[in-house]
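J.: Let the hints inform the model, and build the full structure from the sequences given.
Protein chains in written order, with this note's numbering: chain D, 1 to 335; chain C, 1 to 335.
Hints were generated in silico from the structure; no laboratory data involved. These figures come from a predicted structure and were not determined experimentally. Be aware that a few hints might be false.
It does not matter which identical chain is used: a pair holds within one copy or between any two.
Below, computed lysine-lysine pairings styled on BS3-like, alpha-carbon distance capped at 25 Å [stated by the list, open to error]: (1) K251 to K272; (2) K202 to K177; (3) K251 to K202; (4) K256 to K268; (5) K122 to K152; (6) K82 to K189; (7) K244 to K189; (8) K202 to K192; (9) K177 to K316; (10) K192 to K177; (11) K272 to K82; (12) K272 to K244; (13) K251 to K268; (14) K177 to K244.
Number of protein chains: 2
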Amino acid sequence: MSEQVEPVTVAVDALGGDVGASVVLPGVAAALEEDPQLNVILCGPAEAVEPFAAEHDRCRACVATEEITMGEHPATAVRRKKDSSLVVGCRQVKEGRAQGFFSAGSTGAVLAAGTLVIGRIKGVARPALCTVLPSPVRHVVMCDVGANADCKPEYLVQFAQMAAIYTELVLERPNPKVALLNIGTEEAKGNKLAQEAHALMKERVPQFVGNAEGGDVLAATYDVYVTDGFTGNVCLKTIEGTSKVLFGAVKQAAGKSPLTLLGAGLMKSGLKDLSESISSERIGAAPLLGVKGACMVGHGNSNETAIKNGIHITAKTIRLRVDEMIAQTAAQARA
Amino acid sequence: MSEQVEPVTVAVDALGGDVGASVVLPGVAAALEEDPQLNVILCGPAEAVEPFAAEHDRCRACVATEEITMGEHPATAVRRKKDSSLVVGCRQVKEGRAQGFFSAGSTGAVLAAGTLVIGRIKGVARPALCTVLPSPVRHVVMCDVGANADCKPEYLVQFAQMAAIYTELVLERPNPKVALLNIGTEEAKGNKLAQEAHALMKERVPQFVGNAEGGDVLAATYDVYVTDGFTGNVCLKTIEGTSKVLFGAVKQAAGKSPLTLLGAGLMKSGLKDLSESISSERIGAAPLLGVKGACMVGHGNSNETAIKNGIHITAKTIRLRVDEMIAQTAAQARA
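T.: Listed below in structure tokens is the structure:
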């Protein structure tokens with residue numbers, strides 16, 4: 001990375017991820033090594049964060065004595081466990097010591113902490129979880145994928161605006177094509193929410209190109225898919241689950257006989273490229289758009305590389321001032 | 001088929017399917033040949049249906065001079081085109097000349113004609129489109145997949161009851177596990193509709209096992225997935241689209257080099273079984289549950305085998321008296 005890159009400070013939840021600190025810490029070390037302008041505030045239990053900080057430049061330990069686990073009710077846990085690594089991490093952003101926060105912990109808890117502790121950007125009705133989905137064609141963006149199960153049409157307009165900003169700046173894709181996830185391409189299709197959102201998006205979102213269907217998402221027909229958090233979450237998990245089932249079935253087919261096994265071996269190089277193209281490892285994190293600074297969620301099953309890339313993308317989101325662009329757009333909408 | 005099988009009459013839309021009569025007619029011929037107790041009323045243009053009926057026993061021609069095409073607004077087209085093959089076919093059921101109707105035409109138009117022309121079973125609030133999805137594990141059922149974009153919790157309860165009946169009788173799967181498609185497994189998860197439907201289904205649907213997520217559908221974790229027609233349609237098209245993209249990508253990976261191509265050739269026998277297991281050809285048709293008699297929709301891209309199987313499954317649905325079971329359940333719910 002070039003020397004002109006701006007220094008940033010990211011608060012990192014040492015306990016995120018299914019395997020916790022043993023994966024997060026090597027990821028932090030790799031991120032610090034690759035980005036000499038990166039500072040990390042590592043939040044978690046003293047025995048994990050203090051020795052690590054002592055050994056690494058540009059890393060400060062911030063002790064948190066509690067942990068929010070996957071099974072807890074997100075908002076309740078965030079309210080009660082004020083000394084959890086997650087809440088302590090978000091407080092670093094709230095109080096200005098860090099400009100962004102990254103966690104691979106429970107998505108629901110990160111969303112709750114981001115909204116309750118860091119706080120919304122003025123004019124944003126509902127922060128939304130925006131995922132970058134790997135596809136064999138190219139990465140695509142879907143928003144919301146679970147922060148808001150019940151939505152008003154106005155929320156979807158703002159999801160579209162925020163996701164378009166993220167796609168333009170962070171994915172570096174100018175003029176992204178923004179589509180509304182719906183059940184038909186015609187304008188009049190859909191439930192009441194989709195019909196009303198369509199009409200509003202046509203007026204207020206310059207990048208809006210119309211309706212998309214479920215099959216368009218992984219086909220990467222468009223760049224950004226806007227939907228309520230219920231539909232988006234079902235769609236996202238359907239894509240992940242379908243891929244898993246189909247690859248499992250292909251693997252099983254490969255093991256059917258010595259001949260099919262030999263065939264699979266010969267195909268390996270081709271399949272490896274494909275499997276890399278649809279791995280979420282390089283994406284690293286999904287932003288909670290609409291909160292101040294940056295608040296990013298890593299996959300629960302992140303490995304070291306995914307953690308490293310999640311921290312990098314958090315730093316990039318901070319440096320590109322995604323939150324300021326969102327604040328400007330929200331202010332213009334109010335004007 | 002055994003001689004004891006009950007004779008049934010199915011009205012068939014000769015114009016359904018992307019390729020029309022040239023695919024439907026051979027499918028009808030094959031169905032008549034395989035099921036000696038099947039009678040068909042073939043509805044469509046005179047030049048197509050009359051010569052065919054003259055050549056085939058147990059087939060009667062019913063001339064319809066109009067056609068409803070894929071692009072038309074379903075309800076409007078059904079109301080205006082009273083002499084379309086679709087409306088004429090449904091009228092055969094309404095007026096008691098046939099016990100069921102099969103069409104591979106525009107899904108929206110079949111749904112509209114089924115509801116408006118054949119009519120609802122007493123006590124059914126909203127007929128619902130129920131799809132049988134092929135999965136590498138086993139077939140699964142999802143309802144609704146597009147008939148009702150906006151739903152009340154009570155509708156979902158009835159979708160669950162109707163889909164459970166169809167799964168038990170027609171798929172011959174006793175005690176099917178019925179799940180609510182949701183965004184988390186915990187009871188309190190979901191949007192308002194899913195939360196309220198969950199509570200009602202727990203009380204009123206004995207086969208209800210709880211929430212499922214998008215990833216559970218193709219994994220066949222449960223037998224029946226209940227959802228509103230908006231979410232169901234997005235989920236269904238996401239599964240179809242994701243499969244298409246991934247198989248396309250595997251094919252591309254296979255063509256990468258002479259070596260990968262050789263490997264793919266060796267794997268062919270294994271992949272063929274898989275591709276057959278997830279083909280919708282053997283399923284043939286999706287029922288519109290909740291209308292009198294039987295009203296079944298075939299895939300728009302059906303081939304001759306799919307048409308044949310669609311007609312067989314319509315006959316089976318009639319013979320098993322799915323509509324009577326639904327009427328009884330609806331009556332019990334009112335009592």
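J.: Check each numbered hint against the structure and report the violated ones by number, ascending.
T.: 3 and 11
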